[in-house]
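If you read the protein sequences in the order shown, they are chains A and B.
Counting in the numbering used here, the first sequence runs from 1 upward without gaps.
Counting in the numbering used here, the second sequence runs from 1 upward without gaps.
Quick caveat, the hints were computed from the structure, so don't treat them as lab data.
Do not take every clue at face value.
[Unchecked claim] Short, incomplete list of chain B residues facing chain A, as computed with Cβ under 10 Å:
1) LEU22
2) CYS25
3) VAL32
4) SER47
5) HIS62
6) SER88
7) LEU146
8) ARG298
9) LYS300
[Claimed, not checked] To give an idea of the interface, some chain A residues facing chain B are shown, with a C-beta separation under 8 Å as derived from the structure:
10) ARG211
11) PRO214
12) PRO216
Note that the Cβ used here is the ideal one computed from N, Cα and C, for glycine as well.
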Amino acid sequence: MTTRRELLAGLSAIAGAANVLWRHEDLIVYEFDGTIEKKLPYAVVFPDGAEQVAAVVRLCNALGFAITPRGAGTGLSGGAVPAQRGVVIATARMRRILEVDPVDRVAVVEPGAPNIQLTEAAAEHGLFYAPDPSSQKACTIGGNVAENAGGPHCLALGVTTNHVLGIEVVTADGEIVWLGGRTMDAPGYDLRGGFIGSEGTLGVVTKVVVRLLPVPESVVTLLGIFNSVEEASVTVGAIISSGLIPAAIEMMDRVTLQAAEAGLQCGYPADAGAVLLVEFDGIPEVIESQATAARAACFEAGASEVRVARDAAERERLWKGRKGAIGALGRIAPNYYILDGVVPRSRLVTVMAGVDEIVSRYGLQVANVFHAGDGNLHPCVVFDERVPGTLERVLAAGAEIMKVCVDAGGSLTGEHGVGYEKNKFMPWLYSEVDLENMGRIRAVFGNHGRFNPCKLLPAGSGCGEMAHNDAAMRAAGPDAYV
Amino acid sequence: MASDGSHSFWPIPADAPAKDDLSRCVHCGLCVNACPTYAITGLETESPRGRIYLARAVDEGHIPLTAAVQGHWDLCLQCRACEAVCPSGVPYGRLMEHVRAQVAAKPPTGGKMRRLRRFGLRNVVARPRVLAAAVWPVRLWAAFPLRGLLRRSGLLRKLGRLGVIESQLPARLGRPFRPGDATPAANPGSAPIVLFTGCIMGEVFGDVHRATARVLTRAGFAVEATVGQGCCGALSAHDGDLEFARGLARDNIDALERTSPATIVNNSAGCGTALKEYGDLLAGDPGYADRARQFSARVKDFSEVVAAAGIPAGRFAKRVTYQDPCHLAHAQRVRNQPRALLGALAGISVVETPGGDMCCGAAGLYSLVQPAMSASLRTRKAEQFKKFAPEVIVTANPGCQMQYEAAVCEAGIQARVMHLAEVLDEATGGGRTD
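Chain B extracted, bound-state conformation (with noise of 0.2 Å):
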């Protein structure tokens, strides 16, 4: 066996999933119903439990990594749902990301779809004046006045993975919100935030960024987008490209460190997450460790901070839903928070739908690498929308707002979706600064 690391039969031992990490599962079986795919297909193979003890097995030399494994694993949407009601608190998400690590050094299968899916994340995301570059045209094609009749006319649906992306893009793309962009002018005595960036959101939803810092200045802040932050590295950490996440973690480090102490927000769950996780990411680097302890101690979501800061009193007179971002609601456990700030409105109406925790299938690159288990994942989530009819689904996260205008289209229903900060802030006084 591999405990006393004189062998091991994963192909990049050092990143191999931690033996006290796989032990920690006693395939006691609470976690099945939690797992979207699990609830989609009814098989262990592709539930939580099944996922681990293939993991362990193959740690432990009963069976190679096969096709059969990797696909089982490559399946997971890593939305930590199994997560957050393990009882003996396997930490599923890191076990995922060091499993996908193996995978992506010895794939089975699949190997080039991945190298290419690699080369996207290290130089297209992680790189903002690419990255900037290669939304231009999407911009131009989501403000095509024809747009709306090719939709209707079905045949953009036949494009495949492209059309996957063509369905979640929303109405508009606002302008960029980059690192460096003017913030609101603080009032007087505010306490100085920096507000995270992150990649795809600022350049595909900087409307939000800019909502946020409003509503972060409404509550007493004075936000900062601080020069020579970037991409927080979790989707590459996610393919197990836990190399290449590490660097991305250390450059955010090294940029932010000097707002120290001020608390570093965020409205994109996944980032969050990640940010919130350098800590761990990092614990066997000498030269960071301790720093990225602190680091990700000062990171919180907008909601935790404005939850617990107070914004003026709001008016929202809609009927809406939120739908709990996954890494919010199970990987940062936080919940409470956006209902109690949407609860607070005057004239609004909540309703809770069934499943509003259970993923929506957009889990980052997801609905592009499994199109197919993403759409039923998302065909779950419009028939509870076409249901309860709500005028407005509220989310916190990019991922997850793309996935919803992709299922209202489905459903047939006439429904914004909005980030959450979004609705505080048209709630407070909108795009007026205050």
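Excised from the complex, chain A in its bound form (with noise of 0.2 Å):
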């Protein structure tokens, strides 16, 4: 294998000595993102487009480094995190709006840009792009291309591969190749339905063409303010049965609001067992009489009280609770461990019986807060890595809880991705031959198991140290790191 100096000696050549990170002080800060696993990688690179994303990428294939994809480093199942070291490019010079075109209802941006730059450049025309990770103030375009992202808003309007239209690549084998395009419904294999949510396995995204929708007319945001989370799962239930289509319905548990509403001021009851955000959006009258459906099916269900949002501030109050509740959580615990189950919502009220069941039989403290309406659970389990024996509860518990939501009928990832520590999961949705022909796609695109290895799918060996050696290393303490 070539050495680490050849290796920075090129990617200076292609990008920039400027533009490649080697030291351990600037690496270090480039080893986690979102989750809680993190390895160190050789080098960070800064491409500033396409050509130089080729180039790096072939360098690494020649040399045998491998290669991780990342964007701000805000994903939740570590599809940013270095897993075999190597190389990790990061997009963040790649962050412009190229375009917002109005009558096409399109806009062309780079995969670095902020997903809250693009919302408000296409604001300026009365448009916005769907898709609202709770991370968006700060989630990269590219990233959520790679995760097929979604968010509250997705209900109704669906994730990120309903939004993008096209991309460019740089496939793992270093070609720089476009699939899909400008309008909707290209023909012949669709390859950017296959490469979005691919968790950067295939290749680099290095533009993205998003489709944009009009603001809707009028909106109308609720708080229904329930005595248990069992209460608000039959209310999810009750609306989405009744044919209503709200834009979100999100849920938050007690433990979550009280983190929440102590970070953020954002007016939630501390005192209530859970809470449901309803929103609604379009045509005043219309969006006016499903909402006064929507809270008569609260009270129904045993809501305490309802609340409408009298104005863009309280609307916008009641969101920043919502999205920045994981960030919250530091407030409970250090860390934080996040699922993303998806469960049919007909199985909901078991479900979540169920998650707490599991942490409280591995004396763990769990949060919900998650996309009721589409079934996507977000139990959060937090705890303190520095107590020893901790990490390896968490994870356990973590495995017991996507075996329920699978067992109900659901999915092991609804937005964050598989990533590396559901990838072994993946066996009790897929059969092995799923499983071969899902490895199969990647070698179409170029890549031979060094391009973000370890994730997604089960993974083969050289990744199995990754959970276990570091958790032990830090179990260790400081002098066994590096």
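Starting from the two chains in their separate frames, assemble the complex, guided by the hints.
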């Protein structure tokens, strides 16, 4: 294998020495994302466009270094953690909004542009970009494409793949190709669809053409306050089965509410057992009657109160708490392990009870904040990794929770991606043949095991040590590090 | 690990960043785009999350405090925009002050400059007479008839750090305003209020103090600039000289305690934040902890006081933009009051510019210590000013005011830079004592 020095020289020749990080102290802040896993890369490189990305990919392939693409590092499945060290390709220098076309209602953006900037640029034309992950103030469009990101408003409008028309990508073997285009329904195989949600295992996105939607005429936001998660869950079923299609239905439990209220002062009732945030948008007369029906459904299920946001400022405050809820959990404990299970809405009540049983059996604490309308759960186990043995318990509890979701007819991920923890659970959902076929898609894009390794599909050799060794090293204390 | 107190990787364990503060960060990343230096560089190392992670790595002994680590911390503006958006409530400002204290104790690089800076902060800025003597030639220069010509020639920009200061100087420095100076006669029945005069604020922006006093008088207060008060210590604390900052805090508490329970009003966002956080700064001082908390509870920003008390209707027929001082918006979370006060003036048109609440790059001594990053941030402001062409740029902090003077020059537009107090004063009668 080549030395690291040769690698750095090569990267510097491509992107310029100023755009390559190599010092230990600089690399250490690229060893993590929004999850608990970490791994130190050998180098981080900041290319300025597709040509440089392609050159970096070819260089790493030739020298035998693994590659991990990275956006803002806010991901929640470890997608940007360099599992086999190697090189991190960061998109931070590709963050322009290249074009907003109000007639075609499309925008062309570079992958490093934060989601919020696209939304702001579109707003000037009365348009918006629908997927709105909770991290939208920081997360990048490139990362959204890689993880097929969702968000509260994906209940009615769909996730990233429903809003991306075309992408320019550098494939895992270093070719620059366009998948999809500027219009819907490109003929032929939908490789665009295959790439979106591939968690950075097929290539690096270098340009994205997104669909924009007109900003709805009016919006109404309700906050239903309940005594228990169960009451709130019943309400979700009632709203959906009555034929209403809210723009969003979000649930937060007591632990989450208290953390969010303490951190963000958004006007949540801290003594409630659970709240539902329900939003309708569209024509004023229509959504008013819908809101009335939803309100009635809340009360029927036992809501103690239903508040209606009086103005945009109040609506924003209610959403601020929801969007900052995960980060606010830092008030309870220094680490969280967020899960992303999906279950049929009809099974919400039983699965939530199952989650409760599991975490209490492991002696852990859980905060629940999730996209209830989609049945997309986010049980968030809060803990302190510095307490020996805790991390192992958390991972074991997480695995059990995922199993409960799958057994209920659900899935391992709604929007965060499979990543490096849940890939070993993929056989719960797919047969060996299914998984083999997915592996062949990787080969089509030129990934022979070194492009964002150890993610999405059950990992091969060289990945097993990631979780275990690092956990053991952490348990051994600082002197064992590096 | 140092959590048991038996061992620390920091040079001054007594002022080490608190473990609880460090572990509050769950690296969710929601802060990164609020950070000006991340906005410019796109580097995680220049983001709040990265800087906290580095501090934690040093704290836990994973990495030593190297010159590279110091560089990332030094580039922080301490604007605290990250703190305002952090859902976990990481007290970033406090963390960074403690981190700076460690760097100052044993700097891996740039020790000479740091010592010089500390000498200046301790012996010039914090000593009213020395500061007055130092500002005197600057005052002369500001009024020098050929200054405009020299400025246009571009020669002054070649002066390095001196040139930076020159570009920030207003066209005219008003008379100083110092503790004990005369304030307008109050109407009968007015509530007493203490004006905090600060260090540079009083020497360079005496006119702002006089405007502040007039507006407060119109708002129904009897203003007094109590003798004995001095520098608030913010610049020293930001520089990591916590011991010296604590001394200044004790002096101010001693000087202003007898005016209790009168409100202590500030027109400098940086000082206001420091005063509001004396309780925190002196929490470990048994003789002062309670007194400091009581002191801090009395401190209010000028805009908070005036918005609550109300002033006579005013008129200001200009197109203005309000630019949030970081420590007012992010640390004190005062955003609405200045806008409400401006919006209530007849004839005014207030425009919001994108990034109006992002740091201008002044950041205390930052424009001198990190001229390149400071200039990048100033240019962002200049571009917005060019685009929106305001007639008046309003802010509420001396450093920002000076940086906007430079930004206006850079944008090549004709705009006045004013403190909120000056606008309200002009709008409600100006220099006349009514």
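Quick rundown of the hints versus the structure:
1. Evaluation of the B:LEU22 hint against chain A yields a held restraint, the C-beta minimum of about 8 Å falling below 10 Å.
2. Taking 10 Å as the C-beta cut-off, the interface hint given for B:CYS25 holds, the closest approach to chain A being about 6 Å.
3. For the restraint placing B:VAL32 at the interface with chain A, the shortest Cβ-Cβ distance is roughly 5 Å, inside the 10 Å limit, so the hint holds.
4. Among the interface hints, the one on B:SER47 holds; its C-beta lies about 8 Å from the nearest C-beta in chain A, closer than the 10 Å criterion.
5. At about 5 Å, the closest approach between the beta carbon of B:HIS62 and any beta carbon in chain A falls short of 10 Å, and the interface hint on this residue holds.
6. A least Cβ separation of about 3 Å between B:SER88 and chain A falls short of the 10 Å threshold, and the interface hint therefore holds.
7. Violation of the interface hint for B:LEU146 is found here, the shortest Cβ-Cβ separation to chain A being roughly 40 Å, above the 10 Å cut-off.
8. Interface restraint check: B:ARG298 against chain A, minimum CB-CB distance 23 Å, threshold 10 Å, status violated.
9. Below 10 Å, beta-carbon pairs count as interface contacts, and B:LYS300 has none with chain A, the closest being about 19 Å; its hint is therefore violated.
10. Because the closest C-beta pair between A:ARG211 and chain B is about 23 Å apart, greater than 8 Å, the hint is violated.
11. Checking A:PRO214 against chain B: minimum C-beta separation of about 22 Å lies over 8 Å; hint violated.
12. Checking A:PRO216 against chain B by beta carbon gives a least distance of about 23 Å; that is not within 8 Å, so the hint is violated.
Hint check: violations occur at hints 7, 8, 9, 10, 11 and 12; the rest are consistent with the structure.
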